[in-house]
Amino acid sequence: MNKRRWAAVGIAVFLLIFSAVTSTVTRVRETSESMSQMNELLYGNGEPSEVILEAGSSSKKIAKLTIEGTILNTGTSGLFSSAGYDHETFMKQLETVKNDTTIDGVLLVVNTPGGAVYETAEITKALKEIEENVPVYVSMENQAASGGYYVSANAEKIFASEDTVTGSIGVIMSSTNYSGLMEKLGVTDTTIKSGELKDIGSSSRPQTEKDREVLQAYIDSSYARFVKVVAEGRDMPEDKVRELADGRIYDGAQALENGLVDEIGYPEDALAALKEEQDLSDAQVIEYTDGSTDFINSWLGNQLAEIQNLKPSQEQQVANIIEQVGTPQSPKAMYLYGGE
Numbered sequence: 154m155n156k157r158r159w160a161a162v163g164i165a166v167f168l169l170i171f172s173a174v175t176s177t178v179t180r181v182r183e184t185s186e187s188m189s190q191m192n193e194l195l196y197g198n199g200e201p202s203e204v205i206l207e208a209g210s211s212s213k214k215i216a217k218l219t220i221e222g223t224i225l226n227t228g229t230s231g232l233f234s235s236a237g238y239d240h241e242t243f244m245k246q247l248e249t250v251k252n253d254t255t256i257d258g259v260l261l262v263v264n265t266p267g268g269a270v271y272e273t274a275e276i277t278k279a280l281k282e283i284e285e286n287v288p289v290y291v292s293m294e295n296q297a298a299s300g301g302y303y304v305s306a307n308a309e310k311i312f313a314s315e316d317t318v319t320g321s322i323g324v325i326m327s328s329t330n331y332s333g334l335m336e337k338l339g340v341t342d343t344t345i346k347s348g349e350l351k352d353i354g355s356s357s358r359p360q361t362e363k364d365r366e367v368l369q370a371y372i373d374s375s376y377a378r379f380v381k382v383v384a385e386g387r388d389m390p391e392d393k394v395r396e397l398a399d400g401r402i403y404d405g406a407q408a409l410e411n412g413l414v415d416e417i418g419y420p421e422d423a424l425a426a427l428k429e430e431q432d433l434s435d436a437q438v439i440e441y442t443d444g445s446t447d448f449i450n451s452w453l454g455n456q457l458a459e460i461q462n463l464k465p466s467q468e469q470q471v472a473n474i475i476e477q478v479g480t481p482q483s484p485k486a487m488y489l490y491g492g493e
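Here this note's numbering = 1-based position in the sequence shown + 153.
Read the hints as simulated data drawn from the structure, not as lab findings. Some clues are possibly wrong.
Within a straight-line C-alpha distance of at most 25 Å, the following computed DMTMM-like cross-link-like pairs (lysine to aspartate or glutamate) qualify [claimed, not checked]:
no., residue 1, residue 2
1, K278, E241
2, K251, E285
3, K351, E385
4, K281, D388
5, K213, D432
6, K428, E241
7, K251, D399
8, K278, D253
9, K245, E203
10, K310, E396
11, K213, E282
12, K281, E429
13, K310, D388
14, K337, D364
15, K393, D373
16, K485, D399
17, K251, E440
18, K381, E275
19, K428, E221
20, K251, E429
21, K281, E430
22, K485, E349
23, K310, E430
Small disclaimer: the values here were computed from a predicted structure and weren't measured.
All chains, please: the whole structure from these sequences, using the hints.
Written as structure tokens, this is what we have:
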């Protein structure tokens with residue numbers, strides 16, 4: 154064949170391959186879209202969905218939000234999170250409230266010992282943005298300690314029962330040092346490092362004075378931010394906050410006496426006060442679900458989700474939690490009552 158015919162054959166082969174690839178990509182995309190639609194039908198869309206708790210005006214709503222459990226971001230999606238606090242879902246709810254012009258008040262129910270520093274600060278930032286437009290009332294249940302108090306401090310009004318455990322204002326970094334045991338067993342730490350403090354916090358060598366100074370400075374910096382949040386939220390001098398914030402816990406009655414909460418009461422009392430004081434007596438009270446279906450909680454739904462890699466395995470979930478709270482070799486600062 155001459156050059157012209159070879160060129161024509163080459164062009165034809167190219168067009169054939171291009172057509173086949175394009176067709177395959179289109180089928181893959183269509184399959185992916187169909188699978189996505191099927192998953193949404195089976196599991197839900199993961200977006201906050203309103204549930205009416207009390208009838209009232211739909212143009213004037215009170216959103217009830219709840220923090221239940223240790224504040225951690227386990228890396229699990231909202232749809233497939235286990236029981237307890239779900240950071241992704243809660244942040245979506247805060248975003249929904251912020252963008253909903255029909256929300257005229259928020260009742261935040263808090264029952265947590267606190268948790269991770271970053272996630273606690275992230276919640277507080279979002280709540281402050283909401284508070285620029287609508288009042289937030291907090292009701293502390295069994296406990297609202299450390300990070301639980303951090304997220305509550307800026308509220309318009311804080312309620313606690315007399316038996317609520319609150320306070321524990323401060324930061325903790327828990328670790329275990331077993332270098333002495335290693336020495337007795339004849340085990341030697343042979344870590345190679347680029348600088349004296351590269352393995353700071355290591356549990357396999359004795360802690361030096363410089364280690365302690367650096368870690369203490371780090372904790373003091375986080376503590377100062379905590380004190381500032383409380384001082385601004387409670388309109389209290391920082392030196393007064395520091396007197397109260399030595400890590401001790403308070404019951405609700407003690408917290409009231411020290412100006413850390415405003416009233417003794419339960420969630421229904423906080424809601425009643427929010428309605429009366431903010432002219433919301435005819436407001437509709439709502440809360441949010443995560444948009445999941447019943448199928449997601451079934452054995453088959455769980456197994457199918459794991460096969461599709463939509464839900465982390467138990468091993469992955471444990472690894473995510475360990476990453477959040479740290480390890481003996483890599484401890485993390487926490488706004489947490491009771492250590493780790």
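A quick look at each hint next to the structure:
Restraint check for K278 and E241: the C-alpha separation of about 15 Å stays at or below 25 Å, so the hint holds. In summary, the hint linking K251 to E285 is supported, as the alpha carbons are separated by about 10 Å, within the 25 Å threshold. For a cut-off of 25 Å, the pair hint linking K351 to E385 is broken: about 36 Å separates their Cα positions. Restraint check for K281 and D388: satisfied, since their Cα atoms lie roughly 15 Å apart, inside the 25 Å limit.
Taking the CA atoms of K213 and D432, the gap is about 10 Å. The hint holds against a cut of 25 Å. At roughly 29 Å between alpha-carbon atoms, K428 and E241 are farther apart than 25 Å, so this suggested pair is violated. This hinted pair does not check out: K251 and D399 have alpha carbons roughly 34 Å apart, beyond 25 Å. At most 25 Å may separate the alpha-carbon atoms for a hinted pair to count; K278 and D253 meet this at roughly 18 Å.
With a CA separation close to 12 Å, the supplied pair K245 and E203 stays within the 25 Å bound. Between the alpha carbons of K310 and E396 the distance comes to roughly 22 Å, so the proposed pair stays at or under 25 Å and holds. Note on K213 and E282: the hinted pairing holds, with a Cα-Cα distance of about 19 Å set against a maximum of 25 Å. Between K281 and E429, the direct Cα distance comes to roughly 22 Å. Compliance with the 25 Å bound is thereby established for this hinted pair.
Between K310 and D388, the direct Cα distance comes to roughly 12 Å. Compliance with the 25 Å bound is thereby established for this hinted pair. Using a Cα cut-off of 25 Å, the hinted pair K337 and D364 holds, with the two alpha carbons roughly 23 Å apart. Of the pairs offered as hints, the one joining K393 and D373 holds, with about 17 Å between alpha carbons and a cut-off of 25 Å not exceeded. With a CA separation close to 19 Å, the supplied pair K485 and D399 stays within the 25 Å bound.
For the given pair, K251 sits about 14 Å from E440 by alpha-carbon distance, which is consistent with the 25 Å threshold. Between the alpha carbons of K381 and E275 the distance comes to roughly 16 Å, so the proposed pair stays at or under 25 Å and holds. With a CA separation close to 23 Å, the supplied pair K428 and E221 stays within the 25 Å bound. Distance hint between K251 and E429 is fulfilled; the C-alpha atoms sit about 22 Å from each other, no more than 25 Å.
Proximity of K281 to E430 is assessed by CA-CA distance (about 20 Å); at most 25 Å being required, the pair is judged to hold. A distance of roughly 19 Å separates the Cα atoms of K485 and E349; the hinted pair therefore holds under the 25 Å criterion. The hinted pair formed by K310 and E430 meets the criterion: a straight-line CA distance of about 11 Å does not exceed 25 Å.
Violated hints, in rising order: 3, 6, 7; the structure is consistent with all others.
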